[in-house]
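J.: Start from the sequences, fold in the hints, and give me the full structure.
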Amino acid sequence: IHTNRGNFGQAGKNSPYRDRTPDENLTLFREMRDGKFKDGEHVLRLKIDMAHPNIVMRDPVVYRIRHTDHHRTGSKWCIYPLYDFTHCISDALENVSHSICTLEFENNRPLYDWIVASLAELGIFKNPVPHQYEFARLNLTYTITSKRKLLQLVEEKHVDGWDDPRMPTISGMRRRGYTAAGIRLFIQRCGISKSPNHVDVPMLETAIREDLENSVPRIMAVLKPIKLVLTNFVAGETGSREADFHPQHPEFGKRLCELTPEIYIDSDDFQEVPEKGFQRLTLGGEVRLRHSYVIKCDEIIKNADGSIAELRGSIDPATLGKNPEGRKVKGVIHWVSATKALKAEVRLYERLFTELQPDNVEGHDFVEFINPDSLKVISAYIEPSIANVQAEDRYQFERVGYFVADRYDCDAKNGQLVFNKTVGLRDIWKK
28 IHTNRGNFGQ
38 AGKNSPYRDR
48 TPDENLTLFR
58 EMRDGKFKDG
68 EHVLRLKIDM
78 AHPNIVMRDP
88 VVYRIRHTDH
98 HRTGSKWCIY
108 PLYDFTHCIS
118 DALENVSHSI
128 CTLEFENNRP
138 LYDWIVASLA
148 ELGIFKNPVP
158 HQYEFARLNL
168 TYTITSKRKL
178 LQLVEEKHVD
188 GWDDPRMPTI
198 SGMRRRGYTA
208 AGIRLFIQRC
218 GISKSPNHVD
228 VPMLETAIRE
238 DLENSVPRIM
248 AVLKPIKLVL
258 TNFVAGETGS
268 READFHPQHP
278 EFGKRLCELT
288 PEIYIDSDDF
298 QEVPEKGFQR
308 LTLGGEVRLR
318 HSYVIKCDEI
328 IKNADGSIAE
338 LRGSIDPATL
348 GKNPEGRKVK
358 GVIHWVSATK
368 ALKAEVRLYE
378 RLFTELQPDN
388 VEGHDFVEFI
398 NPDSLKVISA
408 YIEPSIANVQ
418 AEDRYQFERV
428 GYFVADRYDC
438 DAKNGQLVFN
448 KTVGLRDIWK
458 K
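So for the sequence shown, the working numbering puts the first residue at 28; every next one is plus one.
Worth flagging that the hints you see were computed from the coordinates, not collected in a lab.
The structure displayed is predicted, hence computed values, not measured ones.
Treat each hint with caution, since some may be false.
[Stated by the list, open to error] Listed below are the simulated BS3-like cross-link pairs for lysine-lysine, each with C-alpha atoms no more than 25 Å apart in a straight line:
| # | residue 1 | residue 2 |
| --- | --- | --- |
| 1 | Lys63 | Lys153 |
| 2 | Lys303 | Lys329 |
| 3 | Lys357 | Lys323 |
| 4 | Lys103 | Lys65 |
| 5 | Lys440 | Lys281 |
| 6 | Lys251 | Lys367 |
| 7 | Lys251 | Lys153 |
| 8 | Lys349 | Lys323 |
| 9 | Lys323 | Lys355 |
| 10 | Lys367 | Lys323 |
| 11 | Lys103 | Lys63 |
| 12 | Lys251 | Lys103 |
| 13 | Lys184 | Lys74 |
| 14 | Lys281 | Lys370 |
| 15 | Lys251 | Lys184 |
| 16 | Lys303 | Lys367 |
| 17 | Lys370 | Lys403 |
| 18 | Lys254 | Lys323 |
| 19 | Lys367 | Lys281 |
[Claimed, not checked] Cβ-Cβ distance ranges computed for the label pairs, FRET-style:
| # | residue 1 | residue 2 | range |
| --- | --- | --- | --- |
| 20 | Ser102 | Gly390 | 37 to 43 Å |
| 21 | Lys281 | Lys254 | 39 to 45 Å |
| 22 | Asp187 | Glu68 | 49 to 55 Å |
| 23 | Gly451 | Glu148 | 56 to 62 Å |
| 24 | Gly304 | Gly280 | 33 to 39 Å |
| 25 | Asp227 | Lys303 | 29 to 35 Å |
| 26 | Gly451 | Gln417 | 58 to 64 Å |
Each residue gets a CB set at the ideal place from its N, CA and C atoms; glycine is no exception.
T.: As structure tokens, this is what we get:
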């Protein structure tokens, strides 16, 4: 068939079976359906024009034999229609008026029109029949969208399934915490185009971030904990404050940020020898604890190998919820109580590929560019206000990013807390 189809400068040759009678064709087709032939022994073709300038129209194949189980019909059928035949008929059966396709189907539009017009002439479909329109595919940088290649990722266990949060599937994006509204905002900003292009992933993340900004509560969580002992904490005297779950949405409610003698801060918020411009806690320096006191680091306790075992510091009792006149500190850091905080598994997701267009690098297989650091699982401490979290609850971890309770693995009733990182608070992708 391929040889006799010709090329752009040469007409095709008629098949020796082209002039069979309709009765002969129907008999063969029914025998194909009944399983009397092996795969590839026969096909059904449309009789159009082997000299047509569009090669797609040169008696295209529309049915072939495949002896394989179907996920819905099992072994009932052994003949299957090809996409070009199925596409237009399905559209007509479902009363589709505008069939939106990607640019690679532009050459196939004459066949789409021929099939639905022919069936309309026979009275099977009513006019107006569907019409196909082509636009550029929405391609994302560092992302694969081919179903065949996504299937390869799943089958070769490069990911944990179709709903892996690194996958660009609906179930994957949902499990990562992307919202429907955020995705719609992204699509609206992309618009439609006839020109093929790749949209930067930060554009998607910005849309998700903007939707979550005003729709989810904010809490404190420490992902890289280092213990800080408050040496002048006095039970019954040292105070704690309530804080809003969202500064612009009082209807979200409040929670108590309970200070205890031992707390965890993030190790990124402390430097023994501060680099230039560092605005957080240092030995002998001061910072404010979010929703709490100004504290000072007085001492570093180290392990035998020189690593930091814990920090020791002191509270300025006059600074709970206020700044005394003339008092300045370098910054504000988040924290959690070492005795009240809840331990959680946090899954930090990054881009799945290291190459901008992983399936478009000549001479390379796209799997060569899988990012070995696309998933990092850590143990973190989260403030106790989320003790009753439910699957798919979303939060902003202050100063860190947006996170979602995993829809399958998070089970607060049984003390199992699992959060997936949705997106950071700002774009940190390298250009």
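J.: Taking the hints in turn, state whether each one holds.
T.: Evaluated hints:
1. Our distance criterion of 25 Å between C-alpha atoms is broken by Lys63 and Lys153, whose separation comes to about 36 Å.
2. Note on Lys303 and Lys329: the hinted pairing holds, with a Cα-Cα distance of about 24 Å set against a maximum of 25 Å.
3. Straight-line distance between C-alpha atoms of Lys357 and Lys323 comes to about 11 Å, which keeps the hinted pair within the 25 Å bound.
4. Proposed proximity of Lys103 and Lys65 is supported: the alpha carbons are some 15 Å apart, at most 25 Å.
5. The suggested pairing of Lys440 with Lys281 holds, with an alpha-carbon distance near 22 Å, which does not exceed 25 Å.
6. For the proposed pair Lys251 and Lys367, the alpha carbon gap of about 17 Å is at most 25 Å, so the pair holds.
7. The hinted pair formed by Lys251 and Lys153 fails the criterion: a straight-line CA distance of about 65 Å is larger than 25 Å.
8. Between Lys349 and Lys323 the CA atoms are separated by roughly 16 Å; this keeps the pair inside 25 Å, and the hint holds.
9. Of the pairs offered as hints, the one joining Lys323 and Lys355 holds, with about 12 Å between alpha carbons and a cut-off of 25 Å not exceeded.
10. At roughly 22 Å between alpha-carbon atoms, Lys367 and Lys323 fall within 25 Å of each other, so this suggested pair holds.
11. Between Lys103 and Lys63 the CA atoms are separated by roughly 14 Å; this keeps the pair inside 25 Å, and the hint holds.
12. With a CA separation close to 57 Å, the supplied pair Lys251 and Lys103 exceeds the 25 Å bound.
13. For a cut-off of 25 Å, the pair hint linking Lys184 to Lys74 is broken: about 44 Å separates their Cα positions.
14. A threshold of 25 Å between alpha carbons decides the hint, and for Lys281 with Lys370 the separation of about 21 Å falls inside it, so the pair holds.
15. Of the supplied pair hints, the one linking Lys251 and Lys184 is violated, its CA atoms being roughly 29 Å apart against a limit of 25 Å.
16. Our distance criterion of 25 Å between C-alpha atoms is broken by Lys303 and Lys367, whose separation comes to about 35 Å.
17. For the suggested pair Lys370 and Lys403, the alpha carbons sit about 16 Å apart, so the restraint of at most 25 Å is met.
18. This hinted pair checks out: Lys254 and Lys323 have alpha carbons roughly 14 Å apart, not beyond 25 Å.
19. Distance hint between Lys367 and Lys281 is fulfilled; the C-alpha atoms sit about 17 Å from each other, no more than 25 Å.
20. Separation of Ser102 from Gly390 is about 41 Å and conforms to the stated range, judged on CB atoms against 37 to 43 Å.
21. Checked against the hint of 39 to 45 Å, the pair Lys281 and Lys254 fails, with Cβ atoms roughly 27 Å apart.
22. Here the CB-CB span from Asp187 to Glu68 is close to 41 Å, at odds with the stated 49 to 55 Å.
23. Remark: the range hint 56 to 62 Å for Gly451 to Glu148 is upheld by a beta-carbon distance near 58 Å.
24. Separated by about 37 Å at the C-beta atoms, Gly304 and Gly280 satisfy the suggested range of 33 to 39 Å.
25. In this structure, Asp227 and Lys303 meet the distance hint of 29 to 35 Å, their C-beta atoms being roughly 31 Å apart.
26. Between Gly451 and Gln417 the CB atoms are about 24 Å apart, so this pair departs from the stated range of 58 to 64 Å.
Figure legend: structure checked against the earlier numbered hints; hints not met, in rising order: 1, 7, 12, 13, 15, 16, 21, 22 and 26.
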